[in-house]
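So the sequence lines, in the order shown, correspond to chains A and B.
The opening position of the first sequence corresponds to residue 0 in numbering that gives the first Met the number 0, with each subsequent residue numbered one higher.
The opening position of the second sequence corresponds to residue 0 in numbering that gives the first Met the number 0, with each subsequent residue numbered one higher.
Just to be clear, a hint being listed does not mean it is correct.
To be verified - Just a sample of chain B residues kept apart from chain A, beta carbon distances all over 12 angstroms, derived:
(1) L60
(2) W73
(3) L84
(4) P167
(5) P191
(6) S193
Unchecked claim - Calculated pairs, DMTMM-like style, for lysine to aspartate or glutamate (alpha carbon to alpha carbon, straight line, at most 25 angstroms):
(7) K131(A) <-> D212(A)
(8) K104(B) <-> E171(B)
(9) K71(B) <-> E256(B)
(10) K280(B) <-> E192(A)
(11) K70(A) <-> D140(B)
(12) K35(A) <-> D177(B)
(13) K35(A) <-> E171(B)
(14) K56(B) <-> E256(B)
(15) K280(B) <-> E123(A)
(16) K131(A) <-> E192(A)
(17) K260(A) <-> E286(A)
(18) K35(A) <-> E169(B)
(19) K284(B) <-> D249(A)
(20) K284(B) <-> E192(A)
(21) K284(B) <-> E123(A)
(22) K260(A) <-> D140(B)
(23) K252(A) <-> E192(A)
(24) K284(B) <-> D212(A)
(25) K173(A) <-> E50(B)
(26) K35(A) <-> E172(B)
(27) K260(A) <-> E256(B)
(28) K173(A) <-> E256(B)
(29) K35(A) <-> D105(B)
(30) K70(A) <-> E286(A)
(31) K229(A) <-> D212(A)
These are calculated hints, taken from the structure and not from any lab test.
We put the CB at the ideal spot given by N, CA and C, even for glycine.
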Amino acid sequence: MKPVETDLAGSGVVLKARPRARPGRNRMAQAFRRSKYLWLLFLPCLLYYLVFKYAPMFGLVITFKNYNVFKGIWASDWVGLKYYRMFFSNPDFWILMRNTFLLGVYKLVFGFPAPIILALLMNELRNAVFKKWVQTFSYLPHFISNVIVASMVIMFLSPTSGIINQLITSLGGKPINFMMEPGLFRPIYVISEIWQHIGWETIIFLAALTAVDTQLYEAAGIDGAGRWRKLWHVTLPGIAPTIMIILILDIGKVLEIGFEKVFLMYNPAVYSTADIISTYVYRVGMEQGNFSYASAIDLFMGVISFIFIFSANSLSRRIGGTSLW
Amino acid sequence: MVTTGRGRSRISLFTIVNTLIMLMVAAVMLYPFVYMLAVSLSGDVYVMKGEVTLWPKGFNLRMYELVLGDPKIWTSYRNTFVYTLLGTAIAMLITSMGAYALSRKDMMFHKGFTLMIVFTMFFGGGMIPTFLVVRSLGLVDTIWGMVLPGAVSTWNLILMRTFFSGIPKELEESGRMDGLNDVGIFFRIIVPLSKPVFATISLFYAVGIWNNFLYPLLYLRSQELFPLQVLLRNLVLAGSVSSGQVTQIGGDNLVVEDSLKYATIMVSTLPILILYPFVQKYFVKGSMIGAVKG
Chain A
0 MKPVETDLAG SGVVLKARPR ARPGRNRMAQ AFRRSKYLWL LFLPCLLYYL
50 VFKYAPMFGL VITFKNYNVF KGIWASDWVG LKYYRMFFSN PDFWILMRNT
100 FLLGVYKLVF GFPAPIILAL LMNELRNAVF KKWVQTFSYL PHFISNVIVA
150 SMVIMFLSPT SGIINQLITS LGGKPINFMM EPGLFRPIYV ISEIWQHIGW
200 ETIIFLAALT AVDTQLYEAA GIDGAGRWRK LWHVTLPGIA PTIMIILILD
250 IGKVLEIGFE KVFLMYNPAV YSTADIISTY VYRVGMEQGN FSYASAIDLF
300 MGVISFIFIF SANSLSRRIG GTSLW
Chain B
0 MVTTGRGRSR ISLFTIVNTL IMLMVAAVML YPFVYMLAVS LSGDVYVMKG
50 EVTLWPKGFN LRMYELVLGD PKIWTSYRNT FVYTLLGTAI AMLITSMGAY
100 ALSRKDMMFH KGFTLMIVFT MFFGGGMIPT FLVVRSLGLV DTIWGMVLPG
150 AVSTWNLILM RTFFSGIPKE LEESGRMDGL NDVGIFFRII VPLSKPVFAT
200 ISLFYAVGIW NNFLYPLLYL RSQELFPLQV LLRNLVLAGS VSSGQVTQIG
250 GDNLVVEDSL KYATIMVSTL PILILYPFVQ KYFVKGSMIG AVKG
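Produce the entire structure from the sequences given, and follow the hints as far as they go.
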């Protein structure tokens with residue numbers, strides 16, 4: 000077994016098995032040798048994060064420069080806070096902030112309780128087979144791409160051939176041009192989001208519901224509690240920690256509205272309510288080629304979002320005793 | 000009167016109402032697909048009159064012949080397949096190795112690396128600086144631009160790390176007795192033990208890549224590299240169904256165009272709709288790995 004032994008010595012793991020083989024070595028060197036192969040495993044992952052996550056962060060330096068394609072990032076001229084001032088004095092600034100914030104808040108207010116209610120109702124189903132079928136169907140839209148969901152929304156709501164407007168006209172109403180109506184963008188977006196993700200989001204609550212002690216239900220039943228009292232005094236307190244964690248996560252994500260879906264659903268007619276920071280960044284950066292300005296807007300929003308997550312977390316730690324970290 | 004809920008044989012009003020609500024939920028989730036399928040399979044006369052709601056009328060496959068006869072669909076289908084397979088393979092390799100290393104608390108700088116990774120969940124360089132990095136690496140308009148920038152999802156990485164931390168230390172020790180180093184332990188002992196997790200996370204990645212629209216939008220330029228989602232968007236949303244195709248069929252242009260779009264949607268969603276019932280349980284398992292920690 001000679002080769003194995005040399006291999007072992009090379010890997011450094013032997014040190015652990017053999018008591019104090021080399022007393023002169025300090026613990027740092029030992030840990031270093033022991034970590035060698037783990038680092039090897041971790042290396043591709045580390046490179047990924049350095050290249051695709053951290054390098055772009057350093058690339059944010061272009062928000063203080065007048066980025067010039069030919070000069071590159073480092074040789075471009077410094078302009079200080081020019082692009083930030085430009086954004087703050089932009090008349091679209093408040094519209095974009097309001098749109099981003101409101102879309103996120105609507106999604107939170109309606110999208111957060113929806114899966115909890117659905118999970119509670121599913122949990123009341125006694126027929127296991129039927130429950131499983133309902134669950135399976137309700138998860139399905141989560142796996143459909145945003146392109147398809149947006150296509151479906153736009154086509155179903157089409158004023159000429161959409162099924163919704165066919166229904167409206169057959170009932171004697173006038174067709175509504177849904178996607179051109181600024182006042183309707185937010186409801187349409189939020190409803191489509193709920194349709195897409197409500198089922199999937201019940202999973203975590205259903206898991207929490209199975210963990211509620213059944214003895215508590217029996218005890219409550221003996222005390223004369225009906226369905227609603229059990230719900231209020233046993234079920235909801237039982238899943239409260241899960242609700243709290245998901246709420247913090249969702250509050251933290253209020254400003255991180257997915258770019259894809261808004262981009263696919265909106266059009267210039269509804270920019271006044273639908274245009275959010277990320278779509279604006281895309282248009283300014285990728286379509287107009289103003290990289291520095293677009294990145295400055297993005298960074299500004301990123302910082303606000305970061306503050307948002309932190310405050311949501313510390314608030315819940317202070318009030319509810321639960322936090323993410 | 001006190002009822003305990005389980006012991007009753009009588010069906011309460013609540014159960015009836017609840018069952019009806021659940022049936023409605025299931026219908027709302029499924030109906031859009033049923034409708035699109037029905038319209039795409041119907042004769043345009045019936046579609047125009049608005050008679051098609053649940054079942055195809057004047058059944059025909061003309062739309063599908065048209066969609067499948069378009070070479071662009073096949074190219075983009077192939078592209079999506081390649082991106083999904085290659086992307087998932089690369090993502091799984093990098094993610095699982097990284098997750099295992101992070102799950103080992105005896106790795107030096109284990110805390111620092113974890114912090115460095117978690118930080119990226121809350122803050123990032125954003126769309127444009129990332130694009131500049133991808134471009135400077137020469138990945139724009141290449142297949143690598145589709146698979147490398149999204150190679151690690153921090154969420155999946157943390158899921159896998161949580162799973163690996165639950166594997167008993169004794170297994171690792173036994174591997175060491177057999178003369179394996181950490182790389183050997185991972186590939187010979189940990190990977191075979193973690194097949195369900197690998198299946199689950201692979202599916203998460205595969206669906207993510209299959210459905211992704213942002214990366215091709217940002218990083219691809221040439222039509223022959225476009226995946227299905229981009230083609231779909233161009234056909235359905237940007238409405239660039241070639242008018243030649245529509246007039247070729249005759250009838251009401253608008254209706255034909257819509258049926259054609261629905262057929263295109265169905266063709267591109269079919270793989271997911273067909274596979275979904277079989278792989279569903281893996282997805283649910285995956286979301287549970289995260290729940291355990293919470």
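Item to complete: Taking the numbered hints from earlier one at a time, note which ones the structure violates and give those numbers from smallest to largest.
Response: Nothing - there is no hint that the structure violates, so all of them hold.
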